[in-house]
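Q: Here is how the chains run, residue by residue.
2 protein chains.
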Amino acid sequence: MKVLITGGAGFIGARLARTLLARETLAGSRVEQLVLADQFAPPDDLTRDKRVRALTGPLLGHCAGFAAERFDGVFHLASAVSGECELDFDLGMRSNLDSTRALLDALRAAGNTPRIVFSSSVAVFGPDPGVPLPAIVADDTLPAPQTSYGTQKLMCEQLIADMTRKGFIDGRAARLMTVTVRPGKPNAAASSFFSGVIREPLAGVEAICPVDASVSHPVSSPARTIDALIRLYEASREQLNGRLALNLPALNVTVQQMLDALEAVAGAKVRALVRFQRDERIAGIVANWPQGASSARANALGLKADDSFEDIIRQYIEDTTR
Amino acid sequence: MKVLITGGAGFIGARLARTLLARETLAGSRVEQLVLADQFAPPDDLTRDKRVRALTGPLLGHCAGFAAERFDGVFHLASAVSGECELDFDLGMRSNLDSTRALLDALRAAGNTPRIVFSSSVAVFGPDPGVPLPAIVADDTLPAPQTSYGTQKLMCEQLIADMTRKGFIDGRAARLMTVTVRPGKPNAAASSFFSGVIREPLAGVEAICPVDASVSHPVSSPARTIDALIRLYEASREQLNGRLALNLPALNVTVQQMLDALEAVAGAKVRALVRFQRDERIAGIVANWPQGASSARANALGLKADDSFEDIIRQYIEDTTR
Chain A
5 MKVLITGGAG
15 FIGARLARTL
25 LARETLAGSR
35 VEQLVLADQF
45 APPDDLTRDK
55 RVRALTGPLL
65 GHCAGFAAER
75 FDGVFHLASA
85 VSGECELDFD
95 LGMRSNLDST
105 RALLDALRAA
115 GNTPRIVFSS
125 SVAVFGPDPG
135 VPLPAIVADD
145 TLPAPQTSYG
155 TQKLMCEQLI
165 ADMTRKGFID
175 GRAARLMTVT
185 VRPGKPNAAA
195 SSFFSGVIRE
205 PLAGVEAICP
215 VDASVSHPVS
225 SPARTIDALI
235 RLYEASREQL
245 NGRLALNLPA
255 LNVTVQQMLD
265 ALEAVAGAKV
275 RALVRFQRDE
285 RIAGIVANWP
295 QGASSARANA
305 LGLKADDSFE
315 DIIRQYIEDT
325 TR
Chain B
5 MKVLITGGAG
15 FIGARLARTL
25 LARETLAGSR
35 VEQLVLADQF
45 APPDDLTRDK
55 RVRALTGPLL
65 GHCAGFAAER
75 FDGVFHLASA
85 VSGECELDFD
95 LGMRSNLDST
105 RALLDALRAA
115 GNTPRIVFSS
125 SVAVFGPDPG
135 VPLPAIVADD
145 TLPAPQTSYG
155 TQKLMCEQLI
165 ADMTRKGFID
175 GRAARLMTVT
185 VRPGKPNAAA
195 SSFFSGVIRE
205 PLAGVEAICP
215 VDASVSHPVS
225 SPARTIDALI
235 RLYEASREQL
245 NGRLALNLPA
255 LNVTVQQMLD
265 ALEAVAGAKV
275 RALVRFQRDE
285 RIAGIVANWP
295 QGASSARANA
305 LGLKADDSFE
315 DIIRQYIEDT
325 TR
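Note that the protein sequences, when read in sequence, are chains A and B.
If you're matching positions, the first sequence starts at 5 in our numbering and goes up one per residue.
If you're matching positions, the second sequence starts at 5 in our numbering and goes up one per residue.
Any given hint might turn out to be false.
Stated by the list, open to error - Computed beta-carbon distance windows for the label pairs:
no.	chain 1	residue 1	chain 2	residue 2	range
1	A	72	B	44	54 to 64 Å
2	B	140	A	246	35 to 45 Å
3	A	246	B	188	31 to 41 Å
4	B	288	A	51	25 to 35 Å
5	A	65	B	71	22 to 32 Å
6	B	131	A	72	29 to 39 Å
7	A	312	B	71	50 to 60 Å
8	A	92	B	261	20 to 30 Å
As the list claims (entries may be wrong) - As a list, the in silico SDA-like pairs of lysine to any residue whose alpha-carbon atoms are at most 20 Å apart:
no.	chain 1	residue 1	chain 2	residue 2
9	B	170	A	59
10	B	170	A	28
11	B	6	B	131
12	B	170	A	288
13	A	170	B	98
14	A	170	B	112
15	B	170	A	211
16	A	170	B	87
17	B	170	A	170
18	B	170	A	88
19	A	170	B	193
20	B	170	A	92
21	A	170	B	286
22	A	170	B	84
23	B	170	A	91
24	A	273	A	326
25	A	170	A	116
26	B	170	A	116
27	B	170	A	98
28	A	54	A	93
29	A	170	B	131
30	B	170	A	84
Unchecked claim - Some residues of chain A that are not near chain B, with every Cβ distance over 10 Å (derived):
no.	residue
31	87
32	132
33	150
34	170
35	319
These are calculated hints, taken from the structure and not from any lab test.
The C-beta atom is built at its ideal place from N, Cα and C for all residues, glycine as well.
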């Protein structure tokens with residue numbers, strides 16, 4: 005089979021690619037070709053694999069050619085992130101809505117009803133003066149995005165649901181939780197500290213936590229997130245029971261629990277490298293986020309949240325030291 | 005002020021235009037210019053009014069010029085209907101999503117944050133195997149459209165909410181109920197009989213009712229629908245309390261109640277012109293529709309449903325005989 009990963013050179017995309025290449029099959033078929041489309045070239049370990057083909061450049065430019073590719077399966081992970089979309093509305097519309105629509109149109113034109121897993125986000129949920137956000141958002145919580153990013157993700161969820169109902173594609177949408185611990189450097193995302201307060205101390209560097217220790221948030225490790233994307237791909241339409249968008253499993257943790265876990269895994273000295281210094285802008289954004297998420301439908305498919313934040317930290321240490 | 009009505013030559017649009025011209029003001033300002041954009045020319049009584057300007061042709065072609073028009077207010081009623089969108093997916097995407105986006109982009113480019121009332125639909129709601137449709141859909145019922153039309157309306161609701169949050173426009177979305185009694189001829193819409201079983205007998209013509217008398221449905225008279233659109237336009241952002249999409253008030257009636265009302269208003273002989281002949285295709289579509297709607301948020305703005313179906317029939321008789 006021929007599989008496309010958009011955003012295939014990114015953190016989640018490249019890791020998903022490695023997992024698919026290692027397991028060799030997807031939904032019972034052999035992965036013969038893996039096309040990684042991204043703005044940037046994928047890491048060398050991936051391009052060295054004979055099954056991998058890289059497509060570099062803006063997704064929108066590649067979509068016209070995708071009809072002729074006749075992919076069997078697609079993981080559509082490419083996306084402008086929340087902060088970018090909030091700063092530049094048109095960029096977000098182009099990168100997230102127009103590119104997704106062009107991709108879906110190409111998959112429809114191919115005529116083989118390809119299966120596609122779309123990475124949506126917990127950002128579809130938001131507080132609404134009329135309908136307060138529940139502390140724990142469920143699959144059937146009324147979405148009310150408070151960012152352009154969340155709006156664009158929700159619009160794409162609906163387009164995918166309708167195009168699937170019409171038989172053009174076989175779509176499903178996974179609402180990803182905040183993935184932590186991400187390697188690399190802090191970025192401009194308001195959620196960046198959810199990785200930073202673990203990653204920096206483990207590297208012997210001080211980290212600033214911009215919110216109170218009582219802040220609670222739904223998180224998922226990279227490994228569990230990728231496992232969930234694959235299992236959602238492999239689920240039958242019957243198992244999905246009609247609705248196509250679902251919450252991925254989340255470990256709902258407070259910052260305090262994250263830091264307790266850090267101390268348990270790496271010791272008090274490492275934990276002491278985290279300093280609380282409230283940032284009103286970030287704290288204000290985070291206050292609008294769900295405190296946790298439930299995932300009854302994903303759980304029914306056999307998907308599971310991480311067992312503990314200690315496990316998430318150990319996974320990060322293992323990933324970065326091997 | 006300068007007001008645009010898209011779909012301004014249609015049944016609701018032309019009636020809204022007449023109402024605005026007669027009341028002379030909108031939200032406290034004088035209506036100096038009323039632009040009616042539609043595929044067809046508006047009725048003569050409208051074009052004779054000096055305040056009216058007609059723009060004929062596809063909406064998408066007009067939008068580029070709208071930035072320079074700097075409308076103060078817009079009623080965006082133009083839409084491909086449910087049946088068309090289901091037969092021709094691309095037509096629906098173009099007419100409902102692309103045209104709305106082009107209109108919103110032009111309003112944003114104008115730079116004066118125009119107010120816009122968008123006609124969404126009760127079709128955003130649908131049965132969902134995971135989350136059964138409640139008999140009465142409320143403002144905060146989870147939308148799950150089962151048609152391309154409903155999907156496109158929902159996507160537009162969300163785009164309008166986000167562009168309003170960004171300060172580009174001042175938007176609000178009204179989920180219209182089935183408007184009855186519509187004048188004219190039966191059309192291909194599955195809901196056509198909700199007008200036909202009243203209109204045809206009143207004209208001395210037999211009408212076929214394709215569903216059981218027990219079928220319940222949310223309806224609204226043309227007059228109440230137009231009153232609601234105007235009141236929603238005139239509501240302040242504070243009154244809307246954050247969320248922008250709301251159900252318009254509905255009279256929830258069964259077909260039996262409609263026919264009892266027909267007999268009460270027009271007599272048993274007229275009522276006897278309705279013959280039940282089940283149409284499985286139409287009955288199947290209607291079975292997926294809400295049995296009724298509530299409208300707490302619209303009610304809080306002072307909007308009201310029709311008092312009775314007798315009133316709705318009397319309104320139709322008055323409209324068509326004067």
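Q: Hint compliance check: list the failing hint numbers for this structure, sorted ascending.
A: 1, 2, 4, 8, 9, 10, 11, 14, 15, 17, 24, 26, 28, 32, 33 and 34
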